[in-house]
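S.K.: Let's have the full structure, built from the sequences with the hints guiding it.
Sequence lines, in order, name chains A and B.
In terms of my numbering, the first sequence is residues 8 to 121.
In terms of my numbering, the second sequence is residues 546 to 661.
The set of hints was computed from the structure by calculation and includes no laboratory data.
Where hints are given, some of them may not hold.
Ranges between beta-carbon positions, derived for each pair [to be verified]:
#: 1; chain 1: A; residue 1: Q52; chain 2: B; residue 2: S572; range: 16 to 26 Å
#: 2; chain 1: B; residue 1: L642; chain 2: A; residue 2: S77; range: 24 to 34 Å
#: 3; chain 1: B; residue 1: E628; chain 2: A; residue 2: E73; range: 37 to 47 Å
#: 4; chain 1: B; residue 1: K560; chain 2: A; residue 2: N68; range: 38 to 48 Å
Some chain B residues well away from chain A (every beta-carbon gap over 10 Å; in silico) [to be verified]:
#: 5; residue: V549
#: 6; residue: E559
#: 7; residue: K560
#: 8; residue: D608
#: 9; residue: F610
#: 10; residue: R614
#: 11; residue: D648
#: 12; residue: T659
#: 13; residue: L661
Glycine included, each C-beta is placed from N, C-alpha and C at the ideal position.
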Amino acid sequence: AQSVTQLDSQVPVFEEAPVELRCNYSSSVSVYLFWYVQYPNQGLQLLLKYLSGSTLVKGINGFEAEFNKSQTSFHLRKPSVHISDTAEYFCAVSLYNQGGKLIFGQGTELSVKP
Amino acid sequence: GAGVSQTPSNKVTEKGKYVELRCDPISGHTALYWYRQSLGQGPEFLIYFQGTGAADDSGLPNDRFFAVRPEGSVSTLKIQRTERGDSAVYLCASSSLAGVSTDTQYFGPGTRLTVL
Numbered sequence: 008a009q010s011v012t013q014l015d016s017q018v019p020v021f022e023e024a025p026v027e028l029r030c031n032y033s034s035s036v037s038v039y040l041f042w043y044v045q046y047p048n049q050g051l052q053l054l055l056k057y058l059s060g061s062t063l064v065k066g067i068n069g070f071e072a073e074f075n076k077s078q079t080s081f082h083l084r085k086p087s088v089h090i091s092d093t094a095e096y097f098c099a100v101s102l103y104n105q106g107g108k109l110i111f112g113q114g115t116e117l118s119v120k121p
Numbered sequence: 546g547a548g549v550s551q552t553p554s555n556k557v558t559e560k561g562k563y564v565e566l567r568c569d570p571i572s573g574h575t576a577l578y579w580y581r582q583s584l585g586q587g588p589e590f591l592i593y594f595q596g597t598g599a600a601d602d603s604g605l606p607n608d609r610f611f612a613v614r615p616e617g618s619v620s621t622l623k624i625q626r627t628e629r630g631d632s633a634v635y636l637c638a639s640s641s642l643a644g645v646s647t648d649t650q651y652f653g654p655g656t657r658l659t660v661l
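M.R.: In structure tokens form, the structure reads like this:
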């Protein structure tokens, strides 16, 4: 069975500091990888996705993520966070040739403090 | 253009009642997905439509849950004999390409269901 694990449920960080949100996955088939963000009282919004090619993927709002196949990880990073980045972040996978349904991790709550 | 919309935004019902949750996808999107998000958890897949037909309903928890998409656009998730454990936020998403694992899904704001 496939699964996604987000290793930190909460990450507090000060404004302008760097941040890394960790994500590991387990799958017996090829996967595609996604990061979604959920701002308070809003729907999920795609930050970035890895399909193939370069393992470093750049997304919106200055976020980037690196796919590491040997470690089955897809960690999300931002070099300098803003107060407005406070939100819940979800890592997800879809399975190759299996219709597009997403399997999500439990989420990481990023709290940026002044 | 308009995004995915869901109605109602909040629904409070009593145990044992029947509820319907509606999803309006982005116009022209072929694929439609339903997910359920319990408190403190990530969304869990329920069912996926490709056009009018349910291509994958493996996530529906039991036969009290049913969903339809009769004309290939609007979808309704139906829950019979609601239980307190059904309380969650129900999310709908749509994507332009059916059955493509690489396609981006666009999510609605969700319907928060509370079963008393």
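S.K.: Does each hint fit the structure? Answer for all of them.
M.R.: Hint by hint, here is what the structure shows:
no.	hint	result
1	A/Q52 - B/S572: 16 to 26 Å	holds (19 Å)
2	B/L642 - A/S77: 24 to 34 Å	holds (30 Å)
3	B/E628 - A/E73: 37 to 47 Å	holds (42 Å)
4	B/K560 - A/N68: 38 to 48 Å	holds (42 Å)
5	V549	violated (7 Å)
6	E559	holds (26 Å)
7	K560	holds (27 Å)
8	D608	holds (20 Å)
9	F610	holds (16 Å)
10	R614	holds (15 Å)
11	D648	violated (6 Å)
12	T659	holds (16 Å)
13	L661	holds (23 Å)
Comparing the model with each numbered hint stated earlier shows that hints 5 and 11 do not hold.
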